[in-house]
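Visitor: So the chains spell out like this:
Protein chains: 2
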Amino acid sequence: MKRTAFFISDGTGITAEALGRSLLAQFETSRLYMVTKPYIDTLDKAHQLLDVIKKTGEEDGHRPIVIDTIIDQNIRDIIKSADALNIDVFSTFLEPIENELGVKSSYTVGKTHALTKAKEDIYKSRIDSVHYALDNDDGARTHHYDKADLILVGVSRCGKTPTCIYLALQFGIRAANYPITEDDMLDTELPKSLRPYRHKLFGLTIDPERLSTIRHERRPNSHYADLHQCQREVSDVEALYQRHHISYLDSTYYSIEEIAARILAAAGIERRMSPI
Amino acid sequence: MKRTAFFISDGTGITAEALGRSLLAQFETSRLYMVTKPYIDTLDKAHQLLDVIKKTGEEDGHRPIVIDTIIDQNIRDIIKSADALNIDVFSTFLEPIENELGVKSSYTVGKTHALTKAKEDIYKSRIDSVHYALDNDDGARTHHYDKADLILVGVSRCGKTPTCIYLALQFGIRAANYPITEDDMLDTELPKSLRPYRHKLFGLTIDPERLSTIRHERRPNSHYADLHQCQREVSDVEALYQRHHISYLDSTYYSIEEIAARILAAAGIERRMSPI
Chain A
1 MKRTAFFISD GTGITAEALG RSLLAQFETS RLYMVTKPYI DTLDKAHQLL DVIKKTGEED
61 GHRPIVIDTI IDQNIRDIIK SADALNIDVF STFLEPIENE LGVKSSYTVG KTHALTKAKE
121 DIYKSRIDSV HYALDNDDGA RTHHYDKADL ILVGVSRCGK TPTCIYLALQ FGIRAANYPI
181 TEDDMLDTEL PKSLRPYRHK LFGLTIDPER LSTIRHERRP NSHYADLHQC QREVSDVEAL
241 YQRHHISYLD STYYSIEEIA ARILAAAGIE RRMSPI
Chain B
1 MKRTAFFISD GTGITAEALG RSLLAQFETS RLYMVTKPYI DTLDKAHQLL DVIKKTGEED
61 GHRPIVIDTI IDQNIRDIIK SADALNIDVF STFLEPIENE LGVKSSYTVG KTHALTKAKE
121 DIYKSRIDSV HYALDNDDGA RTHHYDKADL ILVGVSRCGK TPTCIYLALQ FGIRAANYPI
181 TEDDMLDTEL PKSLRPYRHK LFGLTIDPER LSTIRHERRP NSHYADLHQC QREVSDVEAL
241 YQRHHISYLD STYYSIEEIA ARILAAAGIE RRMSPI
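Chains as they are written, first to last, in my numbering: chain A, 1 to 276; chain B, 1 to 276.
Think of the hints as simulated: they come from the structure by calculation, not from any bench.
Worth double-checking, as some hints may not be accurate.
If chains are identical, the list can't say which one is meant, so a pair holds when it fits in one copy or spans any two.
Claimed, not checked - Think about it this way: if two alpha-carbon atoms lie no more than 27 angstroms apart in a straight line, the pair counts; the simulated DSSO-like pairs of lysine-lysine are: (1) K147 x K54; (2) K124 x K2; (3) K45 x K2; (4) K80 x K104; (5) K192 x K45; (6) K104 x K54; (7) K54 x K200; (8) K200 x K45; (9) K80 x K124; (10) K2 x K104; (11) K200 x K2; (12) K45 x K80; (13) K192 x K55; (14) K2 x K80; (15) K80 x K147; (16) K2 x K192; (17) K124 x K192; (18) K147 x K55; (19) K2 x K147; (20) K147 x K104; (21) K55 x K2; (22) K45 x K55.
Isolated chain A (complex conformation) (with noise of 0.2 angstroms):
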């Protein structure tokens, strides 16, 4: 049996999707088909979606799961009227807020809601951040680092990179990566640059075996993609983590969004984030 879910709004459909996969998650079926359409925002595109909506239930036997978070009235009204389970995230959640606050939403109001300066400052330091991440990865530059949240290390290919972006584009902090090096750990110091920032250094660390493999991608057969070459580097960080007091995680069997909300978790470190 194949059943398809729609994922529907009238902006950038990011949380009816996000919202959509959570929830079809929790089931084992492999033969659910996701599809998400963002903006429609018109009269038109709703009754051309209406369309594909009916023949997708047709063509699959059975009537579709809608999950939707349209704001204009009319346009929901169109969509609503297919023969589908109709899952109504705002209409839903809305009415016990709104009697909650005692004040009316936008979303009843029918009116999209403006970006606010707070929420613009929020935008704007996401993307300094992104900014920022890239201008600080791979130790590139060192002499920034009085205006990191955060420096993560590591060794190469741990995730260090990805999880640094991240946290930079999702909750706005900015995060610095620095590689530590086979030279950083024949030293019982901490490298030079590190020193000063101690207290915001995590650390990541990874499966030999899982990083052999990605590093092998990348450089096949090399001395870096080496499997005695990385249980030893693994297991010198983890000890230089360990002398100088540095909290790390090992990336191996997470993914990024676990990885950067466990560090935010255990650094103590504010999300900022704005609305979508």
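On the provided structure of chain A, position chain B as indicated by the hints.
Guide: Chain B in isolation, oriented as in the chain A frame:
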């Protein structure tokens, strides 16, 4: 009146947070204070958080709003005992989906989901795409364009890099970017390295005043940041897009999320997402 909203999860908290912020963005009030509490995955942590919720409600003089995506029934019961407006995302929406699909969710069964091979592959493609975006940033390497899903073009600092990285992280899209220089615009032809890939090109443009502001932050009082220079570059690059029939978007008033979602919608590229 101050009011606090808690977004609570036994995982990263990203779904609860995204949904919560979308919901609360529909209200004009500036006195809503939002706090995310990820990894509430033990009874101890739940009891501690219950105390925090209670105390916050007393301090605010209003009971908090609690939006949660906790899987474990026992942990959820503790959080639910708080004097708060409870928005229980999974309970609300999973039951109708269970009835529709005729199967119980792992939520109801009380276990979290194992990472399947398919999900791992999607995850790996997201990380690979991030490295691809970084390796192919700023026209650094143009000989991997055959592997690109998309090549973003535009003048320096119009938003190409953060957009490429977001496309990679969020949607698993391999996006390279190529900065259009003044030399490129003198030529009536496309830059040589782009010619074989005209069908993959997507342009960004930007308001010249905004561009000038952004460039001044990077290189104050430079020729590069001069308003007339920015006006000339923007008008030349738009002429180039039109001459070569390249679709393009004005990034000035959109967030990265919006730019990315609009580009994919316009280019007809499918998102490759893994559940969080």
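Visitor: State for each hint whether it applies.
Guide: Hint check results:
1. K147 x K54: neither (54 angstroms within a copy, 36 angstroms between copies)
2. K124 x K2: between (43 angstroms within a copy, 26 angstroms between copies)
3. K45 x K2: within (25 angstroms within a copy, 40 angstroms between copies)
4. K80 x K104: both (22 angstroms within a copy, 25 angstroms between copies)
5. K192 x K45: For K192 and K45, neither the intra-copy (59 angstroms) nor the inter-copy (38 angstroms) Cα distance is at most 27 angstroms.
6. K104 x K54: between (34 angstroms within a copy, 26 angstroms between copies)
7. K54 x K200: Result: close neither inside a copy nor across copies, 54 angstroms intra and 32 angstroms inter.
8. K200 x K45: between (49 angstroms within a copy, 25 angstroms between copies)
9. K80 x K124: The answer is neither: 37 angstroms in one copy and 36 angstroms across copies each exceed 27 angstroms.
10. K2 x K104: Answer is between; shortest inter-copy Cα gap is 17 angstroms, intra-copy 40 angstroms.
11. K200 x K2: neither (49 angstroms within a copy, 32 angstroms between copies)
12. K45 x K80: within (14 angstroms within a copy, 40 angstroms between copies)
13. K192 x K55: Classified as neither: same-chain Cα gap 64 angstroms, cross-chain 44 angstroms, threshold 27 angstroms.
14. K2 x K80: within (21 angstroms within a copy, 36 angstroms between copies)
15. K80 x K147: neither (50 angstroms within a copy, 40 angstroms between copies)
16. K2 x K192: So K2 and K192 fail the 27 angstroms test inside a copy (59 angstroms) and across (46 angstroms) alike.
17. K124 x K192: Neither way: K124 and K192 sit 32 angstroms apart in one copy and 34 angstroms across, limit 27 angstroms.
18. K147 x K55: neither (54 angstroms within a copy, 34 angstroms between copies)
19. K2 x K147: neither (51 angstroms within a copy, 31 angstroms between copies)
20. K147 x K104: neither (41 angstroms within a copy, 49 angstroms between copies)
21. K55 x K2: Within one copy only: 14 angstroms inside a chain, 48 angstroms across chains, cut-off 27 angstroms.
22. K45 x K55: within (15 angstroms within a copy, 48 angstroms between copies)
In summary, the structure is inconsistent with hints 1, 5, 7, 9, 11, 13, 15, 16, 17, 18, 19, 20 from the numbered list given earlier, while agreeing with the others.
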